[in-house]
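Those protein sequence lines, which keep their order, are chains L and C.
Take the first sequence: its letter number 538 is residue 685 in the working numbering, and every next letter is one higher.
Take the second sequence: its letter number 127 is residue 129 in the working numbering, and every next letter is one higher.
Possibly wrong hints are sitting among the right ones.
[Stated by the list, open to error] Away from chain L, derived, C-beta distances all over 10 Å, residues of chain C:
hint, residue
1, GLY17
2, ARG28
3, GLN66
4, ASN68
5, ALA90
6, VAL147
[Claimed, not checked] Here are the computed lysine-lysine pairs in the DSSO-like style, where the Cα-Cα straight-line distance is at most 27 Å:
hint, chain 1, residue 1, chain 2, residue 2
7, C, LYS4, L, LYS322
8, L, LYS455, C, LYS4
9, L, LYS287, C, LYS69
10, C, LYS59, L, LYS277
11, C, LYS15, L, LYS442
12, L, LYS455, C, LYS69
13, L, LYS455, C, LYS65
14, L, LYS287, C, LYS75
15, L, LYS315, C, LYS4
16, C, LYS75, L, LYS457
17, L, LYS442, C, LYS75
18, L, LYS341, C, LYS65
Hints are computed from structural coordinates only; laboratory data are not their basis.
A quick note: this is a predicted structure, and the numbers were derived from the prediction, not measured.
Just so you know, even glycine gets a beta-carbon here, dropped at the ideal spot from N, CA and C.
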Amino acid sequence: MKTGAKILVESLQREGTEIIFGYPGGVVLPIYDELYDSSLRHILVRHEQAAAHAADGYARASGRVGVCLATSGPGACNLVTGIATAYMDSVPIVALTGQVPTNLLGNDAFQESDITGITMPITKHNYLVKDTAELGRVIKEAFYIAGTGRPGPVLIDIPKDVSTKAIKDPIIPEKVNLRGYNPTYRGHKRQIEKALQMIAAAERPVIYAGGGVISSNASAELVDLATQLSIPVTTTLMGIGCIPGDHPLNLGMLGMHGTEYANFAITECDLLIAIGVRFDDRVTGKTDTFAAHAKIVHIDIDPAEIGKNKRIDVPIVGDVKAVLQDMLALMKKAGVRDAWLKKIKHWRQHHPLKCPQDGRLHPQFIIRQMSELLKGDAIIVSEVGQNQMWTAQHYCFKSPRTWITSGGLGTMGYGFPAAMGAHFARPDLPVFDVAGDGSIQMNIQEMGTVSHNNIPVKIAILNNMFLGMVRQWQELFYDRRYSYTELPPVEFVKIANAYGIDGVKVESSDEVMPALRAALDCDGPFVMDFRIEREENVFPMVPAGAAINEMIGGHPK
Amino acid sequence: MKPHTLSVLVENKSGVLSRVTGLFSRRGFNIESLAVGPCEETGMSRITIVVIGDDEKVEQVMKQLNKLIDIIKVSDLTENERVERELALIKVTAEAGTSRAEIMQIASIFRAQIIDVGLKSVILQVTGDTDKIDALEKLLRQYGVKELVRTGRIGILRGSKIVASLK
Numbered sequence: 148m149k150t151g152a153k154i155l156v157e158s159l160q161r162e163g164t165e166i167i168f169g170y171p172g173g174v175v176l177p178i179y180d181e182l183y184d185s186s187l188r189h190i191l192v193r194h195e196q197a198a199a200h201a202a203d204g205y206a207r208a209s210g211r212v213g214v215c216l217a218t219s220g221p222g223a224c225n226l227v228t229g230i231a232t233a234y235m236d237s238v239p240i241v242a243l244t245g246q247v248p249t250n251l252l253g254n255d256a257f258q259e260s261d262i263t264g265i266t267m268p269i270t271k272h273n274y275l276v277k278d279t280a281e282l283g284r285v286i287k288e289a290f291y292i293a294g295t296g297r298p299g300p301v302l303i304d305i306p307k308d309v310s311t312k313a314i315k316d317p318i319i320p321e322k323v324n325l326r327g328y329n330p331t332y333r334g335h336k337r338q339i340e341k342a343l344q345m346i347a348a349a350e351r352p353v354i355y356a357g358g359g360v361i362s363s364n365a366s367a368e369l370v371d372l373a374t375q376l377s378i379p380v381t382t383t384l385m386g387i388g389c390i391p392g393d394h395p396l397n398l399g400m401l402g403m404h405g406t407e408y409a410n411f412a413i414t415e416c417d418l419l420i421a422i423g424v425r426f427d428d429r430v431t432g433k434t435d436t437f438a439a440h441a442k443i444v445h446i447d448i449d450p451a452e453i454g455k456n457k458r459i460d461v462p463i464v465g466d467v468k469a470v471l472q473d474m475l476a477l478m479k480k481a482g483v484r485d486a487w488l489k490k491i492k493h494w495r496q497h498h499p500l501k502c503p504q505d506g507r508l509h510p511q512f513i514i515r516q517m518s519e520l521l522k523g524d525a526i527i528v529s530e531v532g533q534n535q536m537w538t539a540q541h542y543c544f545k546s547p548r549t550w551i552t553s554g555g556l557g558t559m560g561y562g563f564p565a566a567m568g569a570h571f572a573r574p575d576l577p578v579f580d581v582a583g584d585g586s587i588q589m590n591i592q593e594m595g596t597v598s599h600n601n602i603p604v605k606i607a608i609l610n611n612m613f614l615g616m617v618r619q620w621q622e623l624f625y626d627r628r629y630s631y632t633e634l635p636p637v638e639f640v641k642i643a644n645a646y647g648i649d650g651v652k653v654e655s656s657d658e659v660m661p662a663l664r665a666a667l668d669c670d671g672p673f674v675m676d677f678r679i680e681r682e683e684n685v686f687p688m689v690p691a692g693a694a695i696n697e698m699i700g701g702h703p704k
Numbered sequence: 003m004k005p006h007t008l009s010v011l012v013e014n015k016s017g018v019l020s021r022v023t024g025l026f027s028r029r030g031f032n033i034e035s036l037a038v039g040p041c042e043e044t045g046m047s048r049i050t051i052v053v054i055g056d057d058e059k060v061e062q063v064m065k066q067l068n069k070l071i072d073i074i075k076v077s078d079l080t081e082n083e084r085v086e087r088e089l090a091l092i093k094v095t096a097e098a099g100t101s102r103a104e105i106m107q108i109a110s111i112f113r114a115q116i117i118d119v120g121l122k123s124v125i126l127q128v129t130g131d132t133d134k135i136d137a138l139e140k141l142l143r144q145y146g147v148k149e150l151v152r153t154g155r156i157g158i159l160r161g162s163k164i165v166a167s168l169k
């Protein structure tokens, strides 16, 4: 005889789960009791939102499915932002929630919430398990759905009586059988050939690569293809790391805060090869003018993304890695596209990203120092806002899964807990969370978790005493009316100290490197409170709804 | 912009209908008509949805529906030879006398059946396409339609072709 809780823990172990981020409560008591004797590691967070983000950070850093656990009602509801974050960025997590016993379902029982109803629009799939006998199959399916095809979060809601009931010989299937779910992995050969012909004929091709390249582990293939066919590559925020930051063909990020040269290249290209991307509005700006002179090839595993925002000439539905491998096998090496690359080189020289050098403490400088110190051998996580954009622009990422950020949902408070998860995925690498003073305060309670478990996450707070990105928009588009964006100064080092964490306050640029070194050398968590120029802006910038070559804060053309 | 009739084969599981309708509302697609019932396969149901939109929008609806795990197949019947039907039950004021005879005459023209007769009303049952039911309703209005219940539209392909064989 095995209880539902035991079946759950055994199933998780069968799926290769090493760690769960969670928070106990009434209806998950049977599950926690089972975890007490289990070899499964559990990290007690200080708020369930952090559990979901930590599972997400673990998944992004490792490529495996992350797992979080919360109780019913408020516990489950607190996971929602984390689940939505994972959904928007296609991150594989399995969220386990307790639920009131089946006989009380629908009764407005204590701590009851309809979490499967609530999460229906933000999960790839979800389950309410009403019978212990189904639990093994459901967990098997949940991991399969989360981790295959276009990855995404799956939630399993488990009523208390389902986890306490013991059954004889529970069935935990080896394979899943889902007639409604069959992702396409191999691209259509004729479409691939057509794309290759178009590449051969193109004079000014550009690859636009996104998170799909990272999640399909296709970075090596991408770099190989770009190099052999001499095609410059621009990446989305989610695609950063799929080609080394210092690779000669890498144009950096495109879109709203992209490099000028990437946006110029998109505007002037005659062939756009979109790989694992979804033509998000932050990338395209005004869609009509985005790559207006180009034919478009779009490779993606999700057929619903093809043609959603932009007309596509050659759609290829398939796993990015499989499609790129087929392309590499079928392609003929191209000559160097001299004129086009020369033009891009000219833009690159005359329109570089700006890094102010006036001796004051600028955030761009801090990020560049971090890049110099860590040399790509670290995982960099960010919060959302200016801190995120400065990091995306100025840090030189060398490999995939070393940049972890909330792109689609733009969740402030994501970075710190995601960094905890990333540490458990890659304990061999230092993990830095680049934060703002606004974002860090959205999940600052996790200082308790990192201190308690000695999780060596280094928090670099770019403290401008503002909600910086919103302030920037107010400055540029609302006549400097700083409506509710100013924050009073906070002594973050003192907060860290109260949790037993070391830290340092940094007020001048010559203190930056020593602070970063101190963080790196410290065995445990560490907090850096960088008091940066308060009204620094993220530039260049494409105003919302403008064409992406209409940037402000760049260089004169 | 024209109506498309989508035939959606789904797992017969609780919550499937709310997954489908939730998808329509959050993606801003309007459902014109909806009908659900069991089908030829055990464990599956068929949902017939009529949605109005241009071809690209409907294609996006179908792709999004296909992503739902409990949906097995989505087919658009619109470009095919097909039969579509709705059913309506109409309770009409009909005092004994001339109006009742007229209503019965109208019913017979529309091949509607009188399925209940009361002292002051009759109930008509009619099947047909949307236009036919609309026309009947319009005619019956003058006598006083007390209540009208309509099913959603259902559709099936003509000949031996079946929905499962559509691309």
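A quick look at each hint next to the structure:
{"no.": "1", "hint": "GLY17", "verdict": "7 Å, violated"}
{"no.": "2", "hint": "ARG28", "verdict": "5 Å, violated"}
{"no.": "3", "hint": "GLN66", "verdict": "5 Å, violated"}
{"no.": "4", "hint": "ASN68", "verdict": "7 Å, violated"}
{"no.": "5", "hint": "ALA90", "verdict": "32 Å, holds"}
{"no.": "6", "hint": "VAL147", "verdict": "36 Å, holds"}
{"no.": "7", "hint": "C:LYS4 with L:LYS322", "verdict": "43 Å, violated"}
{"no.": "8", "hint": "L:LYS455 with C:LYS4", "verdict": "19 Å, holds"}
{"no.": "9", "hint": "L:LYS287 with C:LYS69", "verdict": "19 Å, holds"}
{"no.": "10", "hint": "C:LYS59 with L:LYS277", "verdict": "37 Å, violated"}
{"no.": "11", "hint": "C:LYS15 with L:LYS442", "verdict": "43 Å, violated"}
{"no.": "12", "hint": "L:LYS455 with C:LYS69", "verdict": "14 Å, holds"}
{"no.": "13", "hint": "L:LYS455 with C:LYS65", "verdict": "10 Å, holds"}
{"no.": "14", "hint": "L:LYS287 with C:LYS75", "verdict": "23 Å, holds"}
{"no.": "15", "hint": "L:LYS315 with C:LYS4", "verdict": "55 Å, violated"}
{"no.": "16", "hint": "C:LYS75 with L:LYS457", "verdict": "25 Å, holds"}
{"no.": "17", "hint": "L:LYS442 with C:LYS75", "verdict": "31 Å, violated"}
{"no.": "18", "hint": "L:LYS341 with C:LYS65", "verdict": "23 Å, holds"}
Consistency with the previously given hints fails for numbers 1, 2, 3, 4, 7, 10, 11, 15, 17, ordered from lowest to highest.
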